[in-house]
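Colleague: Based on the hints, put chain B in the right spot on chain A.
Protein chains: 2
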Amino acid sequence: MENNFVIIMAGGIGSRFWPKSRVALPKQFIDILGTGQSLIQMTYDRFKDICPPENIYVITNESYSGLVKAHLPQLDDKQIIKEPLRRNTAPCVAYAAHKILATNPDARMIVSPSDHFVERKDVFNEMMLRGLDFAGKNDALLTLGIVPTRPDTGYGYIQFIEDQNKERIYKVKTFTEKPTLEIAKEFLNSGDFLWNSGIFIWSAKSIYKAFEKLEPEMHEIFAEGAEYYNTDKEAVFIKKAYTQCTNESIDYAIMEKSDNVYVLPADFGWSDLGTWQSLYEKYEKDYLGNAVSGSNVLVRDAANSMVMVPDNKLVVLQGLDGYCVIDTGDVLLICQKEKEQEIKEITAEVKKRKGEKYL
Amino acid sequence: MENNFVIIMAGGIGSRFWPKSRVALPKQFIDILGTGQSLIQMTYDRFKDICPPENIYVITNESYSGLVKAHLPQLDDKQIIKEPLRRNTAPCVAYAAHKILATNPDARMIVSPSDHFVERKDVFNEMMLRGLDFAGKNDALLTLGIVPTRPDTGYGYIQFIEDQNKERIYKVKTFTEKPTLEIAKEFLNSGDFLWNSGIFIWSAKSIYKAFEKLEPEMHEIFAEGAEYYNTDKEAVFIKKAYTQCTNESIDYAIMEKSDNVYVLPADFGWSDLGTWQSLYEKYEKDYLGNAVSGSNVLVRDAANSMVMVPDNKLVVLQGLDGYCVIDTGDVLLICQKEKEQEIKEITAEVKKRKGEKYL
Chain A
0 MENNFVIIMA GGIGSRFWPK SRVALPKQFI DILGTGQSLI QMTYDRFKDI CPPENIYVIT
60 NESYSGLVKA HLPQLDDKQI IKEPLRRNTA PCVAYAAHKI LATNPDARMI VSPSDHFVER
120 KDVFNEMMLR GLDFAGKNDA LLTLGIVPTR PDTGYGYIQF IEDQNKERIY KVKTFTEKPT
180 LEIAKEFLNS GDFLWNSGIF IWSAKSIYKA FEKLEPEMHE IFAEGAEYYN TDKEAVFIKK
240 AYTQCTNESI DYAIMEKSDN VYVLPADFGW SDLGTWQSLY EKYEKDYLGN AVSGSNVLVR
300 DAANSMVMVP DNKLVVLQGL DGYCVIDTGD VLLICQKEKE QEIKEITAEV KKRKGEKYL
Chain B
0 MENNFVIIMA GGIGSRFWPK SRVALPKQFI DILGTGQSLI QMTYDRFKDI CPPENIYVIT
60 NESYSGLVKA HLPQLDDKQI IKEPLRRNTA PCVAYAAHKI LATNPDARMI VSPSDHFVER
120 KDVFNEMMLR GLDFAGKNDA LLTLGIVPTR PDTGYGYIQF IEDQNKERIY KVKTFTEKPT
180 LEIAKEFLNS GDFLWNSGIF IWSAKSIYKA FEKLEPEMHE IFAEGAEYYN TDKEAVFIKK
240 AYTQCTNESI DYAIMEKSDN VYVLPADFGW SDLGTWQSLY EKYEKDYLGN AVSGSNVLVR
300 DAANSMVMVP DNKLVVLQGL DGYCVIDTGD VLLICQKEKE QEIKEITAEV KKRKGEKYL
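Each protein sequence line maps, in turn, to chains A and B.
Under numbering that gives the first Met the number 0, the final residue of the first sequence carries the number 358; numbering is consecutive throughout.
Under numbering that gives the first Met the number 0, the final residue of the second sequence carries the number 358; numbering is consecutive throughout.
Among the hints, a few may not be true.
Identical copies go unnamed one by one, so any copy, or any two together, can satisfy a pair.
[Unchecked claim] Derived SDA-like pairs: lysine to any residue, alpha-carbon spacing no greater than 20 angstroms straight-line:
| id | residue 1 | residue 2 |
| --- | --- | --- |
| 1 | K343 | R299 |
| 2 | K312 | T327 |
| 3 | K312 | G328 |
| 4 | K136 | P309 |
| 5 | K343 | L313 |
| 6 | K68 | I29 |
| 7 | K338 | G318 |
| 8 | K256 | N137 |
| 9 | K177 | A69 |
| 10 | K238 | N60 |
| 11 | K204 | L180 |
| 12 | K172 | S270 |
| 13 | K68 | Q78 |
It should be emphasised that the hints constitute simulated quantities derived from the structure, not laboratory data.
Source: prediction; values computed, not measured.
This is chain A alone, in the form it adopts within the complex:
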């Protein structure tokens, strides 16, 4: 148990949830499900029984360290790992691995996003412990694969090679980026594809070795600071290290290239809450299928819509089917709920025409 570590990655800006998620207050710091807890608080709570509380770390952009402290006041300062620059998940994982390894050479790590949704915590808990056990015994990079329930084109897929091992942890054959609907349907029917959850489990040593082998330059950058981790020289060293790092995802840098990648199929009611559509699916809905956040909303013949507006604003909706209506006070977005790609294009257009102000 004392060798179990959890690294919660909380540096994202949640741009697909614009305008609710903003650069200054991204999705993980919002109570977007209306549960009374932000997503990062819910994530933290899920890991409480997995490891000692002092072994839970949050790694985030340094600009969000105040938000992390505010949302998770139980964390000690040293449990908040600050990234000086946004360099995607590969440097983030490398940094965390070096730091944890310097703390405990026998560490087993879970690396998890901070802004996902899990419905069945007991199953989640069991999977995490099973994964940590496997990672402690094998030089393997383990990823959590979600048993797919629909041909979702918004997720990456993992193909695995089924065998009869009693741990039900399987060798990964391929990673696939977001497929077309046709291919997604084939994946679903084949039965040997899982959704890529972005939750990883490995020993600190195994991921260290993987970087050493597959990303030697990035490995070298972080290895040079071995003596500085967990000292007051760490911050200065990391600042320099990050400027040298390329922007790469852990999937691209390690998982897709490694030959000791395994997947643990899991089914705990997971969603990455990556789009308005996926948030809509998790929301309680009225009999017309409207998910409404806002205490002053009059729905007339609107249906299948996601409505998120201030409580003190009277909002009257008529004749809408399948829309997002998001009012944040300074921004109003009305768009078709299933046009997920739109949000990305919209924020790009907003940035181009209005600058950073509304992002």
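Modeller: Chain B alone, transformed into the frame defined by chain A:
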């Protein structure tokens, strides 16, 4: 000229323009066309060459007298006629007629709404003068009939009996309330129907006599105060008089019952701006047919929509066709533009569920 009087009726609450038009600030006091002038200011300006400025009166609910003064500071206090209660247009006209008659027994009056739109002011001017000339020579109640351009089901219609008189002012055969689309099409094709503009022209004596004959009770109420008009006892008298009046429109009380009603067909680009749809028609539109008021609106594939939002709010619209999007800060309305009946039902529902606060 000195016998010409204009009575601008400005007591309405403009409920069909909710939420932009509010009980506390109705449509006539809003620069709803974005011209820099409120509708009542535009209305006043149209009558500047019709009569001496001291002969233009505004009659309104007493709660709006401050707004009238603010919008038309050139008016003397005595040119603002205050109604103590809302009793529709019949008491309003009767009151004004008695008051004007006490001022000038030879007065000819134009009675006009304060919140309509006129495109061709020169034609309008000519029609008003022609109508006043006719009213000065005949004991007749003259109404302005607009040559219809489409089978609009939102207007009342006036059927007239065409003859060869050189003034081109015709006897009215019938008044018809808002027709069905089928009937409106027949009206349009027949060529002997006009839209009821709600602009009336008559001598003070003629309308006085019409009330005397057709609404003797209401006539008596106002006749009793003959000695008080234009004195400091007028307000107290009127307060009592209004409590005795029934709620009736001038159309119903007088025009539909009288046998000396005439119509002057006119074509000066008129709209009653009675609905969001009719406002939309008068607005400048982008190439996709969107009428946008708000300096921070990003229209993606939206079309044929009426958008009225605060300048400082970023509004992004995607996938809307034919909608109204009206954001007033405290209220957001999204509804299909052509569902005019909806607004009435919506405000009724808002009143029922939220009280007067948002009306």
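Colleague: Each hint should be assessed against the structure and marked as holding or not.
Modeller: Quick rundown of the hints versus the structure:
In this assembly of identical chains, K343 and R299 lie within 20 angstroms of each other by CA distance solely across copies; the values are 13 angstroms between and 30 angstroms within a copy. When the C-alpha separation of K312 and T327 is checked against a cutoff of 20 angstroms, the pair qualifies both within a copy, at 10 angstroms, and between copies, at 10 angstroms. When the C-alpha separation of K312 and G328 is checked against a cutoff of 20 angstroms, the pair qualifies both within a copy, at 9 angstroms, and between copies, at 8 angstroms. Proximity of K136 and P309 under a CA criterion of 20 angstroms is satisfied in neither setting, with 51 angstroms inside one chain copy and 62 angstroms between copies.
When the C-alpha separation of K343 and L313 is checked against a cutoff of 20 angstroms, the pair qualifies only between copies, where the shortest distance is 16 angstroms, while the shortest distance within a copy is 28 angstroms. In this assembly of identical chains, the alpha carbons of K68 and I29 lie at most 20 angstroms apart only when taken from the same copy (14 angstroms versus 48 angstroms across copies). In the homo-oligomer, the alpha carbons of K338 and G318 lie at most 20 angstroms apart both inside one protomer (18 angstroms) and across protomers (9 angstroms), since each shortest distance falls under that limit. For the homomeric pair K256 and N137, the shortest alpha-carbon distance inside one copy (18 angstroms) is at most 20 angstroms, but the shortest distance between copies (98 angstroms) is not.
Taking the shortest alpha-carbon separations for K177 and A69, neither the intra-copy value of 35 angstroms nor the inter-copy value of 61 angstroms comes in at or below 20 angstroms. In the homo-oligomer, the alpha carbons of K238 and N60 lie at most 20 angstroms apart inside one protomer (12 angstroms), although the nearest pairing across protomers, at 70 angstroms, exceeds that limit. Neither within a single protomer nor between protomers do K204 and L180 lie at most 20 angstroms apart by alpha-carbon distance, with minima of 39 angstroms and 79 angstroms respectively. When the C-alpha separation of K172 and S270 is checked against a cutoff of 20 angstroms, the pair qualifies neither within a copy, at 23 angstroms, nor between copies, at 70 angstroms.
Taking identical chains as interchangeable, the C-alpha atoms of K68 and Q78 lie at most 20 angstroms apart only when both belong to the same chain, with a minimum of 10 angstroms there against 66 angstroms between chains.
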